[in-house]
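So you can see what is in the structure, the chains are spelled out below.
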Amino acid sequence: MKRLLSGAEIIWECVIEEQTDVVFGYPGGAILPAYDALTKYRKKIHHVLVRHEQGATHMADGYARASGKVGVAMATSGPGATNMVTGLATAKLDSIPIVCITGQVPRPAIGTDAFQEVDIYGTVFPVTKYSYLVMDINDLASTIKEAFAIARSGRPGPVLIDIPKDLQNEKIEFEYPRNPVKIPGNNIIKKPEKNKLIKAANLINNSKKPVILAGHGILLSGASQEIIKLAEIASIPVTWTLLGSGGVPASHPLNIGMMGMHGEYAVNNAIQEADLLIACGMRFDDRVTGDVSTYSLNSKKIHIDIDPSEMNKIIPVDVGIVCDLKNTVSELLPLIQKKNNKNWFEIIKKWQSESKGRDIINTKTETLFGAQVIRDIWEETNGDAIIVSDVGQHQMLEAQYYDHDEPNTLLTSGGLGTMGFSLPAAIGASFAKKNKDIWVIVGDGSIQMTITELATAVQENVNINIAIINNGYLGMVRQWQELFYDSRFAETPISSPDYLKIAEAYGLDGYRVHSRKEIPSIIKRARQKRGPVVIEFVVEKHDVVYPMVPTGAALNAMINRPSKTKIK
Amino acid sequence: MKQTLIVFVQDEPGVLNRVSSHIRRKNFNIESIAAGHTEKKGITRITLVLNEPNKTKQSIVVNSLKQLIDVYDVIDATKIKSHIREYAMIKVLSNESQILDIKNIIKSVNGHMVSTSENIFIFELTGNKNEVESVITKLEKYDIIEIVRSGMVAMVDGDNSQNRPHLKKTEPNWSTFRIMESF
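The listed protein sequences correspond, in order, to chains A and B. Under the working numbering, the first sequence is numbered contiguously, ending at residue 568. Under the working numbering, the second sequence is numbered contiguously, ending at residue 183.
Next up, chain A with everything else stripped away, as it sits in the complex:
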């Protein structure tokens, strides 16, 4: 049935059709008609007023990561739109489905350098999966429908829709387009090619030292069970990338830990010494390969990914299967022979015992260490919280010391490494998982990048706990300066405001922790409290995250954890 609706109303009708119930945004001149129309849709859409448009994109991102749905962010033209670029790039590099809707100056004013005019449609080409500038109201609904379909299909990613103000005011007889979305290319292959499966199965059946590299694709494809089965039948150790955390439970005996720059010594050795790598939904990022020319030289490689452009991009592979990971592995399983690579696991065990350096989480220290904080949060939350980590030392410590047994419980900016991601992303995630314990793990540098969103957290009374790991430094950069720049600490010491006063000023509970014995009781108190809580952990200033592969070095040429005596 047709109804006379304005462009602004059509936006909300279409967004609701996509099962969206929350939108993160900030009003302004060119998006005013849409905000005016929002008053009619209050019952179906909850709008979260952010404090900066970058925050809106990260919230949509966090919501998408925690819910599996498409996150939606909204902003006005010009500066509102350009503030979204960082969030779009973050979502692009981590393959997260979000749709950003921006207002644009009226159509007759486009191209005239009008007030708050920026060609955002063109600006975001390289940081989105696709972008639109809607110029005809008759295309509006089908464009929004297509945008959501593109965002969530295949390898997910961000999409931006730019909508001129006069088009939002225009009215047409509207009927929601029910016909399916069709786009060029993008022909996603549902079934893997049989001959490639047979080749892959042969490689797996004949390998003696195989390793599974589990990436974000496992979570996006929902392939956890299939990967675990493959590992169990063929007796293959599983290692994961940062974004693949939780794809295979940390407590699973075949899970040997994280790979890459701050991965475990035994894991990186295993990759280098393997005779077969099975890369599942991962893209051989430079942070996991180290020096490409020395990367796992003696192994055959199987690469399964939904994106054809990842094949042979960094590492040449022997069998490349472009297909959905879950479908591929479940079709591969019947071809796999049961076996036991006992010798291989013994070698790995030996490496694990060799690399036992300082055991910081079980050591009594005078000052508090970041690793101890993470481990105690893990213990107090029974490993069952959703952790939203930011970027830096605390991010790597989280990956090393918080064991994730469930997929989609670690939300972090892996590809782009966007500082300031965690607080807004956690606010977004809290709308997806209302009854989950959500913890922000953030450094003193990162929190100060988007600290404005504390006001959003308070206004929405979201249930998140913000753990600020404060070492008075931009710790990861400081670490690089210590190791590779002769300890010249250029501009890495950073001051912080008094976080207790900040908490008080924003109107939330704040705690400060100096010693380890205070941690359990404070965490308990924070968990009981409904609404946002800030806890500042004052930790050792000069700690370094080990193990570490220096950039450009071979993966197994790592700086290992020092012995106990080296703790300052």
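Fair warning: there could be bad hints in the mix.
[To be verified] With a straight-line cut-off of 27 Å between C-alpha atoms, the simulated DSS-like cross-links for lysine-lysine are:
1. Lys41/B <-> Lys92/A
2. Lys194/A <-> Lys66/B
3. Lys191/A <-> Lys169/B
4. Lys55/B <-> Lys199/A
5. Lys44/A <-> Lys194/A
6. Lys168/B <-> Lys194/A
7. Lys208/A <-> Lys194/A
8. Lys55/B <-> Lys182/A
9. Lys199/A <-> Lys66/B
10. Lys41/B <-> Lys196/A
11. Lys145/A <-> Lys66/B
12. Lys209/A <-> Lys199/A
13. Lys26/B <-> Lys66/B
14. Lys209/A <-> Lys349/A
15. Lys145/A <-> Lys57/B
16. Lys191/A <-> Lys66/B
17. Lys41/B <-> Lys169/B
18. Lys41/B <-> Lys199/A
Keep in mind the hints are simulated off the structure, nothing from the lab.
Here the structure of chain A is known, so what remains is to put chain B in place on it, guided by the hints.
Then chain B, alone, in the frame of chain A:
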């Protein structure tokens, strides 16, 4: 070795910009680019010549172009038998004594005279890159006023079903609802 690609794209505003900036972003050099309509409504055909000797990188650029939403299909004309041609117009200033020689050079590649006014002559010619360039070299000693070249266009030989581009729109079938099942 130059790489010639035939890219079939949706005829949308900004599509040429998307394709060329994608190539730039991936750090490849475009040597020539030519775009035009096709026999199918709504589909534009772009012929790209890239200066990339590395075979692995050549296949990476094909796959990465297929990643773009607007792209229907990409055919690597360098890998299969195909005809790669270019069109050029040349404006020369010439006196009576030189013009016969010039006309002979143009004739040798089956070129034509487009117009003449007083002692200004415009010729047109088509051919592969070597043919066009050899003519230009031969004409260098005369008074060339301007040259325009269309950029290479390519067509695959024969009609092998394997080399036919995929020009249908499809439904993006793998959706969030599938992702959501895993949550």
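Against the structure, the hints come out as follows:
no.: 1; hint: Lys41/B <-> Lys92/A; in the structure: violated, 32 Å
no.: 2; hint: Lys194/A <-> Lys66/B; in the structure: holds, 23 Å
no.: 3; hint: Lys191/A <-> Lys169/B; in the structure: holds, 19 Å
no.: 4; hint: Lys55/B <-> Lys199/A; in the structure: holds, 24 Å
no.: 5; hint: Lys44/A <-> Lys194/A; in the structure: violated, 46 Å
no.: 6; hint: Lys168/B <-> Lys194/A; in the structure: holds, 24 Å
no.: 7; hint: Lys208/A <-> Lys194/A; in the structure: holds, 24 Å
no.: 8; hint: Lys55/B <-> Lys182/A; in the structure: violated, 33 Å
no.: 9; hint: Lys199/A <-> Lys66/B; in the structure: holds, 25 Å
no.: 10; hint: Lys41/B <-> Lys196/A; in the structure: violated, 37 Å
no.: 11; hint: Lys145/A <-> Lys66/B; in the structure: holds, 22 Å
no.: 12; hint: Lys209/A <-> Lys199/A; in the structure: holds, 17 Å
no.: 13; hint: Lys26/B <-> Lys66/B; in the structure: holds, 13 Å
no.: 14; hint: Lys209/A <-> Lys349/A; in the structure: holds, 13 Å
no.: 15; hint: Lys145/A <-> Lys57/B; in the structure: violated, 35 Å
no.: 16; hint: Lys191/A <-> Lys66/B; in the structure: holds, 19 Å
no.: 17; hint: Lys41/B <-> Lys169/B; in the structure: holds, 13 Å
no.: 18; hint: Lys41/B <-> Lys199/A; in the structure: violated, 42 Å
When the structure is compared with the earlier hints, violations turn up for hints 1, 5, 8, 10, 15 and 18 and for no others.
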